[in-house]
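J.: Sequence:
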Amino acid sequence: MPFTSKNYENKRLAYQRNNYFLIAVYEAAYKAAMSDKDNASL
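Numbered per numbering that gives the first Met the number 0, the sequence shown spans residues 0 to 41.
Worth flagging that the hints you see were computed from the coordinates, not collected in a lab. Just so you know, even glycine gets a beta-carbon here, dropped at the ideal spot from N, CA and C. Certain hints may be false.
[Said to hold, decoys possible] Derived pair list, reagent style SDA-like, types lysine to any residue, alpha-carbon separation capped at 20 angstroms:
1) Lys-36 x Asn-17
2) Lys-30 x Ala-13
3) Lys-10 x Ala-27
4) Lys-10 x Ile-22
5) Lys-30 x Tyr-14
6) Lys-5 x Arg-16
7) Lys-30 x Tyr-19
8) Lys-36 x Tyr-25
9) Lys-10 x Phe-20
10) Lys-5 x Gln-15
11) Lys-36 x Glu-26
12) Lys-5 x Asn-17
[As the list claims (entries may be wrong)] Simulated restraints, written as ranges between beta carbons of each label pair:
13) Asn-6 x Asp-37: 39 to 49 angstroms
14) Tyr-25 x Lys-5: 39 to 49 angstroms
15) Ser-34 x Leu-12: 32 to 42 angstroms
16) Asp-35 x Thr-3: 40 to 50 angstroms
17) Thr-3 x Ala-27: 34 to 44 angstroms
18) Ser-34 x Thr-3: 29 to 39 angstroms
19) Lys-5 x Asp-37: 44 to 54 angstroms
20) Tyr-14 x Asp-35: 23 to 33 angstroms
21) Met-33 x Lys-10: 31 to 41 angstroms
22) Lys-36 x Ser-4: 44 to 54 angstroms
23) Tyr-7 x Ala-27: 43 to 53 angstroms
24) Asp-35 x Asn-6: 39 to 49 angstroms
Using the sequences plus the hints, can you model the full thing?
T.: As structure tokens, then:
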């Protein structure tokens, strides 16, 4: 596949979107774990 700036840009954007998705999932899991801990300590 020939290297084109358009192709690179698409890959970069896709990677960025995946990162945002993973970060959102991680944050949601972290918040859930924190609230579980708070509930357990009550």
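J.: Each hint needs a verdict: does it hold in this structure or not?
T.: Each hint tested on the structure:
1. Of the supplied pair hints, the one linking Lys-36 and Asn-17 is violated, its CA atoms being roughly 28 angstroms apart against a limit of 20 angstroms.
2. Under the criterion of a C-alpha separation no larger than 20 angstroms, the hint pairing Lys-30 with Ala-13 is inconsistent with the structure, at around 26 angstroms.
3. Annotation: proposed proximity of Lys-10 to Ala-27 is violated, straight-line Cα distance about 26 angstroms (limit 20 angstroms).
4. Our distance criterion of 20 angstroms between C-alpha atoms is met by Lys-10 and Ile-22, whose separation comes to about 18 angstroms.
5. This hinted pair does not check out: Lys-30 and Tyr-14 have alpha carbons roughly 24 angstroms apart, beyond 20 angstroms.
6. At roughly 17 angstroms between alpha-carbon atoms, Lys-5 and Arg-16 fall within 20 angstroms of each other, so this suggested pair holds.
7. Simply put, Lys-30 and Tyr-19 have alpha-carbon atoms about 16 angstroms apart, close enough for the 20 angstroms limit, and the pair holds.
8. For a cut-off of 20 angstroms, the pair hint linking Lys-36 to Tyr-25 stands: about 16 angstroms separates their Cα positions.
9. Among the hinted pairs, Lys-10 with Phe-20 is consistent with the structure: their alpha-carbon atoms are about 15 angstroms apart, no more than 20 angstroms.
10. Distance check on the hinted pair: Lys-5 and Gln-15 sit about 15 angstroms apart at the alpha-carbon level, within 20 angstroms; holds.
11. Restraint check for Lys-36 and Glu-26: satisfied, since their Cα atoms lie roughly 15 angstroms apart, inside the 20 angstroms limit.
12. Distance hint between Lys-5 and Asn-17 is fulfilled; the C-alpha atoms sit about 18 angstroms from each other, no more than 20 angstroms.
13. As the Cβ distance of Asn-6 to Asp-37 is approximately 47 angstroms, the hint placing it in 39 to 49 angstroms holds.
14. The beta-carbon spacing between Tyr-25 and Lys-5, approximately 31 angstroms, falls outside the hinted interval of 39 to 49 angstroms.
15. For the pair Ser-34 and Leu-12, the supplied restraint of 32 to 42 angstroms holds, since their beta-carbon distance comes to about 33 angstroms.
16. Look at Asp-35 against Thr-3: about 47 angstroms separates their beta carbons, and that is inside 40 to 50 angstroms.
17. At roughly 36 angstroms, the beta-carbon separation of Thr-3 and Ala-27 lies within the given 34 to 44 angstroms, and the hint holds.
18. For the pair Ser-34 and Thr-3, the supplied restraint of 29 to 39 angstroms is violated, since their beta-carbon distance comes to about 46 angstroms.
19. Checked against the hint of 44 to 54 angstroms, the C-beta distance between Lys-5 and Asp-37 comes to roughly 48 angstroms, which is consistent with it.
20. Taking 23 to 33 angstroms as the suggested C-beta distance range, the pair Tyr-14 and Asp-35 conforms, at roughly 31 angstroms.
21. Checked against the hint of 31 to 41 angstroms, the pair Met-33 and Lys-10 passes, with Cβ atoms roughly 34 angstroms apart.
22. Remark: the range hint 44 to 54 angstroms for Lys-36 to Ser-4 is upheld by a beta-carbon distance near 47 angstroms.
23. Our hint of 43 to 53 angstroms for Tyr-7 and Ala-27 is violated, since their Cβ atoms are close to 31 angstroms apart.
24. A hinted range of 39 to 49 angstroms holds for the C-beta pair Asp-35 and Asn-6, which are about 43 angstroms apart.
The structure is inconsistent with the numbered hints 1, 2, 3, 5, 14, 18, 23, although it conforms to all the rest.
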